[in-house]
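Given the sequences, and given the hints that come with them, work out the whole structure.
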Amino acid sequence: MNAVELTDVTKTFGSVTAVDNLQLTVPSGTIYGFIGPNGSGKTTTIRMIMRIFYPDRGDIRVFGETHSDAATDRIGYLPEERGLYKKMKVGDVLTFYAQLKGFNHPKDEIDKWLAAMGLADRINTKVETMSKGMAQKIQFIAAVIAKPELVILDEPFSGLDPVNLEVLRDAIIDLKRNGSTVIFSTHDMSAAEKMCDQIFMIHNGKKVLDGTLQSIQANYGNDTIRLRLDDPTALSNVNGIEKVSNQGNYQEVRLTNGSDPQQLLSELAGRTSISLFEIASPSLHDIFVRIARPEADAS
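Position 93 (the sequence shown) corresponds to 92 in numbering that gives the first Met the number 0; numbering is contiguous.
Treat the hints with caution; some may be incorrect.
[Unchecked claim] Calculated cross-link-like contacts (lysine-lysine; reagent style DSSO-like; alpha-carbon spacing at most 27 Å): (1) K206 to K175; (2) K193 to K146; (3) K131 to K175; (4) K193 to K131; (5) K100 to K111; (6) K175 to K111; (7) K131 to K85; (8) K106 to K131; (9) K131 to K86; (10) K86 to K146; (11) K175 to K146.
It should be emphasised that the hints constitute simulated quantities derived from the structure, not laboratory data.
Here is the structure:
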């Protein structure tokens with residue numbers, strides 16, 4: 000059984016169509032990435048899966064059920080807008096969230112998660128005294144404490160430093176390893192590339208990408224060349240180049256349709272020394288920009 004299925008789902012707010020005739024299937028046991036620009040419909044889609052919003056048209060099934068509190072009890076949700084009871088102690092607030100999902104004796108699970116997050120000594124600390132990163136990890140634990148079968152995370156990495164991001168990323172991978180399905184929305188394209196079994200992109204309320212990273216990249220071909228040149232100005236006025244992006248330590252070149260990479264290599268070799276020449280598929284970041292900001296991409 001698939002964890003989530005959306006069929007012909009549309010949601011409007013006044014004159015704005017936030018989600019437009021969306022078809023989506025999230026297989027059980029996967030990490031499924033939601034990407035898209037701000038205002039694209041990601042959070043609206045997540046809130047419909049959570050039954051916070053209801054679609055104007057279409058059908059949403061979670062674990063094969065359309066409208067069921069029992070299915071909702073099997074979901075853990077980390078919203079984009081964080082919210083913890085700041086006056087409560089960490090252990091008390093996690094116990095409260097666990098009991099909301101029917102998990103009445105969660106102490107061992109709380110101890111396990113606090114240790115995994117490096118917060119074992121914070122069980123009696125009031126939430127209001129914790130740093131933003133610590134509080135975000137507590138919010139994550141609150142979402143998963145009742146051992147949900149489906150975990151939905153809306154921008155889980157927002158505002159985290161690299162150390163805490165790594166801790167949270169490892170925890171998400173462990174959730175999948177232990178049998179949960181994970182949906183998470185993110186603006187971190189690197190995380191989506193590394194972690195997700197499948198990636199879905201929504202833009203202006205419509206699905207524009209859906210599949211594995213490899214299948215998505217295959218649709219865009221191998222039109223990207225990564226270069227490190229002694230003289231980067233050698234890329235000026237070269238035939239067959241559509242766009243040059245300076246990545247700091249190297250340049251990334253997109254070829255025009257039908258251009259020969261070997262011809263580019265030969266022409267550049269006559270102009271400067273080359274220490275890197277790599278033919279590659281476009282990154283998820285590059286694909287995202289091509290779809291979401293075509294006017295900037297063309298400039």
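Hints, one by one, checked against the model:
1. The straight-line distance between the Cα atoms of K206 and K175 is roughly 25 Å, inside the 27 Å bound, and the hint therefore holds.
2. In summary, the hint linking K193 to K146 is supported, as the alpha carbons are separated by about 24 Å, within the 27 Å threshold.
3. Distance hint between K131 and K175 is fulfilled; the C-alpha atoms sit about 26 Å from each other, no more than 27 Å.
4. At roughly 25 Å between alpha-carbon atoms, K193 and K131 fall within 27 Å of each other, so this suggested pair holds.
5. Distance check on the hinted pair: K100 and K111 sit about 18 Å apart at the alpha-carbon level, within 27 Å; holds.
6. A distance of roughly 17 Å separates the Cα atoms of K175 and K111; the hinted pair therefore holds under the 27 Å criterion.
7. The hinted pair formed by K131 and K85 meets the criterion: a straight-line CA distance of about 12 Å does not exceed 27 Å.
8. With a C-alpha separation of about 24 Å, the suggested pair K106 and K131 falls inside the 27 Å cut-off, and the hint holds.
9. Restraint check for K131 and K86: satisfied, since their Cα atoms lie roughly 15 Å apart, inside the 27 Å limit.
10. Taking the CA atoms of K86 and K146, the gap is near 25 Å; set against the 27 Å cutoff, the hint holds.
11. The suggested pairing of K175 with K146 holds, with an alpha-carbon distance near 12 Å, which does not exceed 27 Å.
In summary, this structure violates none of the numbered hints.
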